[in-house]
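Number of protein chains: 2
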Amino acid sequence: MKQQAHDALHRGLDRHVRLAVTGLRRAGKTAFITGLIEQLLHANEGAALGFFDVVREGRLVASQLTPSPQWQIPRFKYEQAIEALCGQPSRWPESTNSLSQIRLTLRYQPTGHWYSRWLSYRDLTLDIVDYPGEWLLDLPLLSLDYEAWSQQQSTLLERPEREQHAQAWLQSIRSELASEHSADESIRRIAEQYQLFLAACRDQSQLCFLQPGRMLMPGELAGAPALHFFPWPQQFSCPEHWQRLLVKRYQHYQQQVIKPFYQSYFSHFNRQVILVDLLDALQAGEQAFADRQEALAALLESFSYGENHWLRRLFSARIERVALVATKADQVPPNQHHALAELLRQLLLDKRRQWQFDNVPHEVFSVASLAATSAGEVDGQQVVQGVDENGQTRRVAPSALPQSTPMAQQWQKGFQYLRFAPNFSRQQIPLPHQRLDKVLQYLVGDKLT
Amino acid sequence: MKQQAHDALHRGLDRHVRLAVTGLRRAGKTAFITGLIEQLLHANEGAALGFFDVVREGRLVASQLTPSPQWQIPRFKYEQAIEALCGQPSRWPESTNSLSQIRLTLRYQPTGHWYSRWLSYRDLTLDIVDYPGEWLLDLPLLSLDYEAWSQQQSTLLERPEREQHAQAWLQSIRSELASEHSADESIRRIAEQYQLFLAACRDQSQLCFLQPGRMLMPGELAGAPALHFFPWPQQFSCPEHWQRLLVKRYQHYQQQVIKPFYQSYFSHFNRQVILVDLLDALQAGEQAFADRQEALAALLESFSYGENHWLRRLFSARIERVALVATKADQVPPNQHHALAELLRQLLLDKRRQWQFDNVPHEVFSVASLAATSAGEVDGQQVVQGVDENGQTRRVAPSALPQSTPMAQQWQKGFQYLRFAPNFSRQQIPLPHQRLDKVLQYLVGDKLT
Numbered sequence: 108m109k110q111q112a113h114d115a116l117h118r119g120l121d122r123h124v125r126l127a128v129t130g131l132r133r134a135g136k137t138a139f140i141t142g143l144i145e146q147l148l149h150a151n152e153g154a155a156l157g158f159f160d161v162v163r164e165g166r167l168v169a170s171q172l173t174p175s176p177q178w179q180i181p182r183f184k185y186e187q188a189i190e191a192l193c194g195q196p197s198r199w200p201e202s203t204n205s206l207s208q209i210r211l212t213l214r215y216q217p218t219g220h221w222y223s224r225w226l227s228y229r230d231l232t233l234d235i236v237d238y239p240g241e242w243l244l245d246l247p248l249l250s251l252d253y254e255a256w257s258q259q260q261s262t263l264l265e266r267p268e269r270e271q272h273a274q275a276w277l278q279s280i281r282s283e284l285a286s287e288h289s290a291d292e293s294i295r296r297i298a299e300q301y302q303l304f305l306a307a308c309r310d311q312s313q314l315c316f317l318q319p320g321r322m323l324m325p326g327e328l329a330g331a332p333a334l335h336f337f338p339w340p341q342q343f344s345c346p347e348h349w350q351r352l353l354v355k356r357y358q359h360y361q362q363q364v365i366k367p368f369y370q371s372y373f374s375h376f377n378r379q380v381i382l383v384d385l386l387d388a389l390q391a392g393e394q395a396f397a398d399r400q401e402a403l404a405a406l407l408e409s410f411s412y413g414e415n416h417w418l419r420r421l422f423s424a425r426i427e428r429v430a431l432v433a434t435k436a437d438q439v440p441p442n443q444h445h446a447l448a449e450l451l452r453q454l455l456l457d458k459r460r461q462w463q464f465d466n467v468p469h470e471v472f473s474v475a476s477l478a479a480t481s482a483g484e485v486d487g488q489q490v491v492q493g494v495d496e497n498g499q500t501r502r503v504a505p506s507a508l509p510q511s512t513p514m515a516q517q518w519q520k521g522f523q524y525l526r527f528a529p530n531f532s533r534q535q536i537p538l539p540h541q542r543l544d545k546v547l548q549y550l551v552g553d554k555l556t
Numbered sequence: 108m109k110q111q112a113h114d115a116l117h118r119g120l121d122r123h124v125r126l127a128v129t130g131l132r133r134a135g136k137t138a139f140i141t142g143l144i145e146q147l148l149h150a151n152e153g154a155a156l157g158f159f160d161v162v163r164e165g166r167l168v169a170s171q172l173t174p175s176p177q178w179q180i181p182r183f184k185y186e187q188a189i190e191a192l193c194g195q196p197s198r199w200p201e202s203t204n205s206l207s208q209i210r211l212t213l214r215y216q217p218t219g220h221w222y223s224r225w226l227s228y229r230d231l232t233l234d235i236v237d238y239p240g241e242w243l244l245d246l247p248l249l250s251l252d253y254e255a256w257s258q259q260q261s262t263l264l265e266r267p268e269r270e271q272h273a274q275a276w277l278q279s280i281r282s283e284l285a286s287e288h289s290a291d292e293s294i295r296r297i298a299e300q301y302q303l304f305l306a307a308c309r310d311q312s313q314l315c316f317l318q319p320g321r322m323l324m325p326g327e328l329a330g331a332p333a334l335h336f337f338p339w340p341q342q343f344s345c346p347e348h349w350q351r352l353l354v355k356r357y358q359h360y361q362q363q364v365i366k367p368f369y370q371s372y373f374s375h376f377n378r379q380v381i382l383v384d385l386l387d388a389l390q391a392g393e394q395a396f397a398d399r400q401e402a403l404a405a406l407l408e409s410f411s412y413g414e415n416h417w418l419r420r421l422f423s424a425r426i427e428r429v430a431l432v433a434t435k436a437d438q439v440p441p442n443q444h445h446a447l448a449e450l451l452r453q454l455l456l457d458k459r460r461q462w463q464f465d466n467v468p469h470e471v472f473s474v475a476s477l478a479a480t481s482a483g484e485v486d487g488q489q490v491v492q493g494v495d496e497n498g499q500t501r502r503v504a505p506s507a508l509p510q511s512t513p514m515a516q517q518w519q520k521g522f523q524y525l526r527f528a529p530n531f532s533r534q535q536i537p538l539p540h541q542r543l544d545k546v547l548q549y550l551v552g553d554k555l556t
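First to last, the sequence lines map onto chains A and B. When we follow this note's numbering, the leftmost residue of the first sequence carries the number 108, and every step to the right adds one. When we follow this note's numbering, the leftmost residue of the second sequence carries the number 108, and every step to the right adds one.
Everything labelled a hint here was simulated from the structure, so no lab data went into it. Computed from a predicted structure; not experimentally measured. We put the CB at the ideal spot given by N, CA and C, even for glycine. Treat the hints with care, as some may be off.
Residues from chain A shown here face chain B by an in silico Cβ test under 8 angstroms; the list is partial [to be verified]:
id: 1; residue: W178
id: 2; residue: Q179
id: 3; residue: S207
id: 4; residue: D291
id: 5; residue: A329
id: 6; residue: H359
Please construct the entire structure, taking both the sequences and the accompanying hints into account.
In structure tokens form, the structure reads like this:
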């Protein structure tokens, strides 16, 4: 009887956090989630989690991976990631390009509530959902009609880093305009060229702000008419019957591809992490940096809803906290970690002002999800040390971080960061990290009191 | 006014055939559909379609590819297939492992109806849907519970060609039984080994009768708990809490994976083609041949419904005609084509008797969808001639076909057939075929009168 009452009370007080983790390609999603799980599972085995209250106060009883009731969603491959990291040789885990999910249950002793003395513990269920940030880049399409989107894309097309890849696509428009193919066939052929154009922008010029996002990750839509459209370049005039079909396809994409995605996944989250690899962006140079900044702004649109924003009305989104995280901090010495977070803060200044106005709670962090370097000093200069991809020990003094978007002069000089290889083994449990405890405290700390 | 009345009448008389094409891996699905489209598109440009009434009688006005209204389903890659076949060098088109669809509109003059003199033409819409036959192998699971399925699979496991691949999987059961992992974790680990076992059976022993089919073609379910189950081998005793989870997963697979597939696709078809590569099966040897025969029988279960069969009640299936087609007939001389169809007829004797009883209309054919050889005679022996994969001209006298399942003696001798390479060019339009006209007449001829 007493046990039953206990259980009932206990169930009623259980909590559930659905944490979405996203970021553009290679932002470090897999490493971040792996690191987070690793720290939680080994929180009581020497994990360095001084800023995670529930651990510091000795109230975390245990964490464990528990089955998710959503059987149709792929499970995040935590075990495989650890196997790769601790293998011989140690490797970075495979990055994923689709949705996955994993569930942890955190058992803890509550504190400070009137009922805490009746409870020996409480459970918090933490679902971590991993998905490509590129899927969010399509959100702005919901507020643009086909014509406005075409205009926007035509402007982007004037930039040399895009223009150079666009020639075959533009040529296909010219030749289809002169052909006797049906509208359906011509548009399909041109869309195939547009897809190649997007892939070239991504693979050859490291661009990220590419729409429609599903063309680059089609999944089960590969080859489907739903993806047979493209923005119309202003330099050509569009035959009326083509225009009709293009508009219909665009609207189909808005209603049948973008909206269902938001409705089925996005609207269920209550906490969000957005990962940014600023060091790689700096190293990629001025154009790629600007592109990534734009892509990031478009991605953040998804969370820019005030009380009356159309997004909130459409999906009843209710993200309570957003963590903006600069990753791979271990590529620079500890005395630059603050500058790394500061740079991210600077880059997102406009967006963050709007969020403050709209009351979207957010915070900025810099972390190393899986720290692969150690810090040192050579001739009074701070350096980082680790192994490179060939297994050679390297000690480098990386470029100093700019305080905001670099000037022309700084771009000329360029930025150099070494992507270290992992060098872990099973003896190091839990794997080392930097500042994941601060992120954990922000994301779930309030639910563990 | 007259035009409107014409249009309305015309619309009302339009017909729609949804033709599903399937077969086990490498049965020749892509070549068959490509050949079918090729003949229809060029029916009035010298296609050899003497047994296709609407063409022989000069009533086919024109055929063309028309847009499908189902934008979320990938389009069958006809143009790419032709490009591969007529390329330099000529290649077989890529085989596909998922669903695709293409639509043709056949415009023809009707004959023999009271209204035909008011109509100059009528249109028949032909949707051709291509899907892996392996998806149908899961259908029998709907009528088996977990225990019965496990028993069936345990029996199959006794065969040496399966047993040899099963050791790592069986070992994983032993070690998980001894471990302290949770049921969820143990079952996931064992299921991963079971998946490797299925892949080995397919890739190393050319087996086809492998369940659950989605484990080998998971698509968006890759890594999802929905696929974390396996048949329980009778040699071990199953812990009760494992058993509960396995049964639940199995039932989830039945209800959430198998049924929705049948409901959304299968139930819309009204004509069905099943392709069988008998020559490859013979060449693969006794065990692989027996396995393919079993897989074929399981696949044909999908169409074995009488008026009161549970399948019909479940999916309101209403396939009106089934064409059973032995493919790649051009690998044997014309004097053996009849024997090829006869062998297929023999192998399906039991099933066909049941179909006759249940009134499932069906017919057996042997075809070459894209004929890559010519016939000749050397020393009074019939031979086929074509080029091999190295571009060398080859003239061979293939093994004579058995009249039914071969005897031990015949297996000992073995069967040899040469897989010729294509050798086409754009000058050969339409590409050559053998007996596709008979298949066309059977599948759509009745709708074109």
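Cross-check of the supplied hints:
| no. | hint | verdict |
| --- | --- | --- |
| 1 | W178 | holds, 4 angstroms |
| 2 | Q179 | holds, 5 angstroms |
| 3 | S207 | holds, 7 angstroms |
| 4 | D291 | holds, 4 angstroms |
| 5 | A329 | holds, 6 angstroms |
| 6 | H359 | holds, 6 angstroms |
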